[in-house]
Amino acid sequence: MLPDKRGRFGIYGGKYVPETLMPLLAELEEAYKEAKRDKAFKEEFHYYLRQYAGRPTPLYFAERLTKHLGGAKIYLKREDLTHTGAHKINNTIGQALLAKRMGKKRIIAETGAGQHGVATATACALLGLECVVYMGEEDTKRQEMNVFRMKLLGAEVIPVKQGSCTLKDAINEAIRDWVTNVCTTYYLIGSVVGPHPYPMMVRDFQSIIGQEAKKQLMQAEGRLPDYIIACVGGGSNAMGIFYPFRNDKVKLIGVEAAGLGLDKGNHSATLCAGSIGILHGAMSYLLQTPDGQIQPTHSIAPGLDYPGVGPEHSYYKDKKIAFYTSITDDEALEAFHLLSKVEGIIPALESAHAVAYAMKLAPKLSKEEIVVINLSGRGDKDLGIVFERVKKEQGE
Amino acid sequence: MTITQIFKKAQRQGRRVLIPFITAGDPDLETTKRLIFTIAQNGGDILELGVPFSDPLADGPTIQAASQRALKNGLTLKEILDLVKDIRAEINMPIVLMGYYNPFFQYGLERLAQDAAKAGVNGFIIPDLPIEEAEEWLKHSRKHKLDTIFLVTPTTPLSRAKKITQKSSGFIYYVSVTGVTGARKELPKDLIANLKQLKQITRKPIGVGFGISSPEHVQRLVPYADGIVVGSAIVRIIEKGQNPDEICAKVGKFIQDLAQATKIKN
Chain F
3 MLPDKRGRFG
13 IYGGKYVPET
23 LMPLLAELEE
33 AYKEAKRDKA
43 FKEEFHYYLR
53 QYAGRPTPLY
63 FAERLTKHLG
73 GAKIYLKRED
83 LTHTGAHKIN
93 NTIGQALLAK
103 RMGKKRIIAE
113 TGAGQHGVAT
123 ATACALLGLE
133 CVVYMGEEDT
143 KRQEMNVFRM
153 KLLGAEVIPV
163 KQGSCTLKDA
173 INEAIRDWVT
183 NVCTTYYLIG
193 SVVGPHPYPM
203 MVRDFQSIIG
213 QEAKKQLMQA
223 EGRLPDYIIA
233 CVGGGSNAMG
243 IFYPFRNDKV
253 KLIGVEAAGL
263 GLDKGNHSAT
273 LCAGSIGILH
283 GAMSYLLQTP
293 DGQIQPTHSI
303 APGLDYPGVG
313 PEHSYYKDKK
323 IAFYTSITDD
333 EALEAFHLLS
343 KVEGIIPALE
353 SAHAVAYAMK
363 LAPKLSKEEI
373 VVINLSGRGD
383 KDLGIVFERV
393 KKEQGE
Chain Y
342 MTITQIFKKA
352 QRQGRRVLIP
362 FITAGDPDLE
372 TTKRLIFTIA
382 QNGGDILELG
392 VPFSDPLADG
402 PTIQAASQRA
412 LKNGLTLKEI
422 LDLVKDIRAE
432 INMPIVLMGY
442 YNPFFQYGLE
452 RLAQDAAKAG
462 VNGFIIPDLP
472 IEEAEEWLKH
482 SRKHKLDTIF
492 LVTPTTPLSR
502 AKKITQKSSG
512 FIYYVSVTGV
522 TGARKELPKD
532 LIANLKQLKQ
542 ITRKPIGVGF
552 GISSPEHVQR
562 LVPYADGIVV
572 GSAIVRIIEK
582 GQNPDEICAK
592 VGKFIQDLAQ
602 ATKIKN
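Protein sequences appear in the order of chains F and Y. Whatever position you read off the first sequence (first residue = 1), add 2 for the working numbering. Whatever position you read off the second sequence (first residue = 1), add 341 for the working numbering.
Every clue listed holds true.
List of simulated lysine-lysine pairs, BS3-like, C-alpha gap at most 30 Å: (1) F:Lys321 with Y:Lys480; (2) F:Lys143 with Y:Lys413; (3) Y:Lys503 with F:Lys7.
Sample of chain F residues lacking proximity to chain Y, with all beta carbon distances greater than 12 Å (derived): (4) Met3; (5) Leu4; (6) Glu36; (7) Ala37; (8) Asp40; (9) Glu46; (10) Ala127; (11) Leu129; (12) Met220; (13) Leu262; (14) Asn268; (15) Ile348; (16) Leu363; (17) Leu367; (18) Val388; (19) Arg391.
Some chain F residues well away from chain Y (every beta-carbon gap over 10 Å; in silico): (20) Pro58; (21) Leu99; (22) Arg103; (23) Leu154; (24) Gly156; (25) Met202; (26) Lys253; (27) Gly263; (28) Cys274; (29) Glu333; (30) Lys369.
To be clear, the hints were calculated from the coordinates, so they are not data collected in a lab. Ideal Cβ placement from N, Cα and C applies to all residues, glycine included.
Same shape as in the complex, but just chain F (with noise of 0.2 Å):
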């Protein structure tokens, strides 16, 4: 079982922390132990996962899009239904709970996009606790609508202004509140990443979506699917699919920003183009100079925008348990516009990546095959960003 006793996948994962948080590490780890074995705490989570987040979501068919694209038959994993509309709710329900177990009553996290920070926020309204997101001071302009929705969720928005003013600033900032109130704080870290045991507690959290999927497909289909795509920033959706089907014949596939194209230097493709290093407490790979600074990174999709990729995604690259690849910045919004009309569905640019690969690969594949994508968000939020796009082009 993974990670080992010292938090670790292979020779990834660890806790790479200030010495200050180390003992709370070691208390989190134990309350989450505890609350695994705790029925009553499973039973609270799933409550919650139905009745509030609106679990299971479906697994649906994309007749039109399979006929689209003439091969494979495709279907849509729609975490874009859940509350809030993304599968961010599964992770911090779970983790709200926990830290209202552990007694805590000030809950931080950090947020790109804001759809961690607009989960974390409603978990905290849901459950009546205290809430502090911190979010890089350009992506406060980028989503304004996501700030203003955490806002009135109750939560405090604080924009980052350090470094380049982006996710991995808000992580530093939300760590460095951390240190400093650690007796009454609970850092509720969005993604498989940080120091042990946060990428194994969010993967378990998020593991619900691809036990879903399994079940699901199974009664569907009566079997198994040949290829599961999800994308991967930090890499939570996708570590939520495939997780349950890890020692199963299906191949998993990760898909990465590849922004302006990886031999543009523009991109976030940690496991494709990155090397490894140590970043926000955990060995993983990153995009990094030889000097060992964070390079800057560059996605359309906001969630995507990260130098850093879940220890457990580094260790799947090397032994070959999943498969990362790329999708850029035209490919994804191509994807976005295809799934809109042809299926009615607006996807979230992250998750546009994943149907991207799928147009790449799908019409190479028999009929006889199942694609499953983990359609991890829905695209209301970055309509805005679509919308300049569209503008743009129209004006040239």
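Position chain Y relative to chain F; hints supplied.
Quick look at chain Y alone, frame taken from chain F:
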């Protein structure tokens, strides 16, 4: 001179060890070189030289900004090692590199230990490398007789503090506050009690840092700590200075005042 020798010498002289911190390359490497001489000549005992990192998550705004200034000039670890090598013949003061793990890891741990020892670096402080993750580094650093200074904090239970003091060499770095680096007006209320407690479990010297910003703070800590680290308060002088002459003059004066305050009164 080694770190251990400096603590013994100060003890004989009836004073505590002053450990000033500056970020290498802030605002440029030439000024850093001048500052090292300034610090050594005005009473600094051990220099804590910051290796800038793009994402310094244990640092407050002052040292974050210093790292950014240094990185803007494209500073590399190799250049910092070259600088130490360059001044080693003239400077007797022990030099400890303080930096985050990733730049060290990329340089290569074995190569780093070898090059650092050759350049005349005395030890390392790596704030995001707790004892559990340090085995590989310790293997190489010990081989090259480099000290690795581990941190103990107010949240560290005593049983864990014991393990940390066993691994730490040179001195134990006691973090005065639950928080990040940065000059603060007041010393934390429980600091002296915490230092007394730590003294009971180790015979190694204890250096205290984070938030110590004035000669008055230093004076108050003299009865309880063997060494005192002052960082952000110095970095702020560098940040505000208009030119290298002014920076060196002001830092020199500040170091003198701090050094004065390290005397043990009977």
